[in-house]
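Colleague: Residues per chain, in single letters:
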Amino acid sequence: MTYSYFPGCTLRTKGKELDQWGRAAAEVLGFALEEPENWQCCGAVYPMAKDEIATRLSSVRVLADAKAQGRELVTLCSACHHVIKRVNGDMQRDADICDKVNRYLKLDTPYAGETNVLHYLEVLRDRIGFDALKEKVVHPLTGVKIGAYYGCLLLRPGKEMGFDNPENPRILEDFIRAIGAEPVIYARRNECCGGYCTLENKSYATKQVDKIMDNAKAQGAQMLITACPLCMYNLKENATNGLDVKYFTELLAQALGVKEEAK
Amino acid sequence: MMETIRRISGVNPRKCMKCGKCTASCPAYDEMEFHPHQFVDMVETGRIEELMQSKGIYTCLSCFACVERCPRSVEPAKLIEAVRLAVLRQQNENHLTANDIAEKLDPELPQQAITSAFRKYRK
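The listed protein sequences derive, respectively, from chains L and V.
This note's numbering puts the first residue of the first sequence at 1, with every later residue one more than the last.
This note's numbering puts the first residue of the second sequence at 1, with every later residue one more than the last.
Watch out, some of these pointers could steer you wrong.
[Stated by the list, open to error] Quick list of in silico lysine-lysine cross-link-like pairs, DSS-like style, CA-CA up to 27 Å: (1) L/K236 - V/K104; (2) V/K21 - L/K159; (3) L/K236 - L/K246; (4) L/K246 - L/K16; (5) L/K50 - V/K21; (6) L/K202 - V/K123; (7) L/K211 - V/K104; (8) V/K21 - L/K207; (9) V/K104 - L/K16; (10) V/K55 - L/K207; (11) L/K16 - L/K145; (12) V/K123 - L/K100; (13) L/K106 - V/K123; (14) L/K259 - L/K246; (15) L/K145 - L/K246; (16) V/K104 - L/K246; (17) L/K236 - L/K211; (18) L/K211 - L/K14; (19) L/K159 - V/K15; (20) L/K246 - L/K211; (21) L/K159 - V/K18; (22) L/K136 - L/K259; (23) L/K50 - V/K123; (24) L/K136 - L/K246.
By construction, these hints were calculated from the structure, which means they are not laboratory data.
Computed from a predicted model, the values in this text were never measured in an experiment.
Let the hints inform the model, and build the full structure from the sequences given.
Modeller: Put into structure tokens, the structure is as follows:
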């Protein structure tokens, strides 16, 4: 199976590991991730204003490209996924936005939200299946207690993202089980890390991540996993006394034996 | 101005039943002088100028907790975004400029943070 793949700005720079191990694991699992030739940054935040058109265009360009290829569009970064999925929803449901975007882009064929947008984790759950993934694991992470950190963007708004139960998700916990480790449930796994506000005020982000870390530690987590480079930054750089944090793809690659370092 | 905010956000603040769930859910609570339920009420009663002057429009994390949990689908975050845009779309009202970035850079900061902040804080 071949998917169109949108890496986004950060996976080429500060978030290389998220991309690199995701690609390596995809090879083992038997799906191909093909990048469109000329993708542009998604803008990192979803434009909530109804009258913002220009900020939606880069998402629609990559969505229309995937449609032309007849492929589903896969993302790894939580923020890219959030933006592209919601803009796609606007193209399906908001006639005014859809009309204006199409007038701007002047595509050969108008685009109206036909492409299916999937997060990499959804490919694992819904296309590969966690049971099939489990069978391919050669180095299970036996005994490691891992807290899944979802953050905001994969889950909310639940009606638009359709990713998992936004208040009590399980996809990352199921993933953790599939790679042989033990998931640790903690209440703050879907609370905000402080996001972009760290740029102006690091202590604001520290306040957020410390609450998350304290909660995860109290429940017995030894480390956290995330799918978002900005969550990764806040959890790693702004926590006072934080746990180790890894991208979920790195553990996936490790479990599949394509990352031959010690645990 | 009220009409502008309603048009940009697509939100009808009159649907609010004042349950306060948005504010109870808000991780930015301590960083806002007007909490989400107050924000909705102030848009409804036309106190937009006060909101435009408030720092809370820059400390909302856009985490969508209020959007998710609102039992009336009022979506407070969209009102906050609309008020912020009403400020930024005026001339010379950018909250952040390219010149401000250099001093805020930290070697580990992901590009995503800068892009997000630019999208949220300037036009």
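Colleague: Evaluate each hint against the coordinates.
Modeller: Outcome of the hint check:
1. L/K236 - V/K104: holds, 17 Å
2. V/K21 - L/K159: holds, 18 Å
3. L/K236 - L/K246: holds, 9 Å
4. L/K246 - L/K16: holds, 12 Å
5. L/K50 - V/K21: holds, 24 Å
6. L/K202 - V/K123: holds, 23 Å
7. L/K211 - V/K104: Holds, at about 24 Å.
8. V/K21 - L/K207: holds, 21 Å
9. V/K104 - L/K16: Roughly 22 Å between the alpha carbons, so the hint for V/K104 and L/K16 holds.
10. V/K55 - L/K207: Holds, at roughly 18 Å.
11. L/K16 - L/K145: Holds. L/K16 to L/K145 sits at ~25 Å (cutoff 27 Å).
12. V/K123 - L/K100: holds, 20 Å
13. L/K106 - V/K123: Judged against 27 Å, a Cα distance of about 24 Å means the pair holds.
14. L/K259 - L/K246: holds, 14 Å
15. L/K145 - L/K246: The hint holds at about 13 Å.
16. V/K104 - L/K246: Cα-Cα ~25 Å, so holds.
17. L/K236 - L/K211: holds, 14 Å
18. L/K211 - L/K14: Holds - the C-alpha atoms of L/K14 and L/K211 are around 25 Å apart, at most 27 Å.
19. L/K159 - V/K15: Holds: L/K159 and V/K15 sit about 19 Å apart, inside 27 Å.
20. L/K246 - L/K211: holds, 18 Å
21. L/K159 - V/K18: holds, 22 Å
22. L/K136 - L/K259: Distance of about 14 Å is within 27 Å: holds.
23. L/K50 - V/K123: The hint holds at about 16 Å.
24. L/K136 - L/K246: Roughly 21 Å separates the two Cα atoms, so the pair holds.
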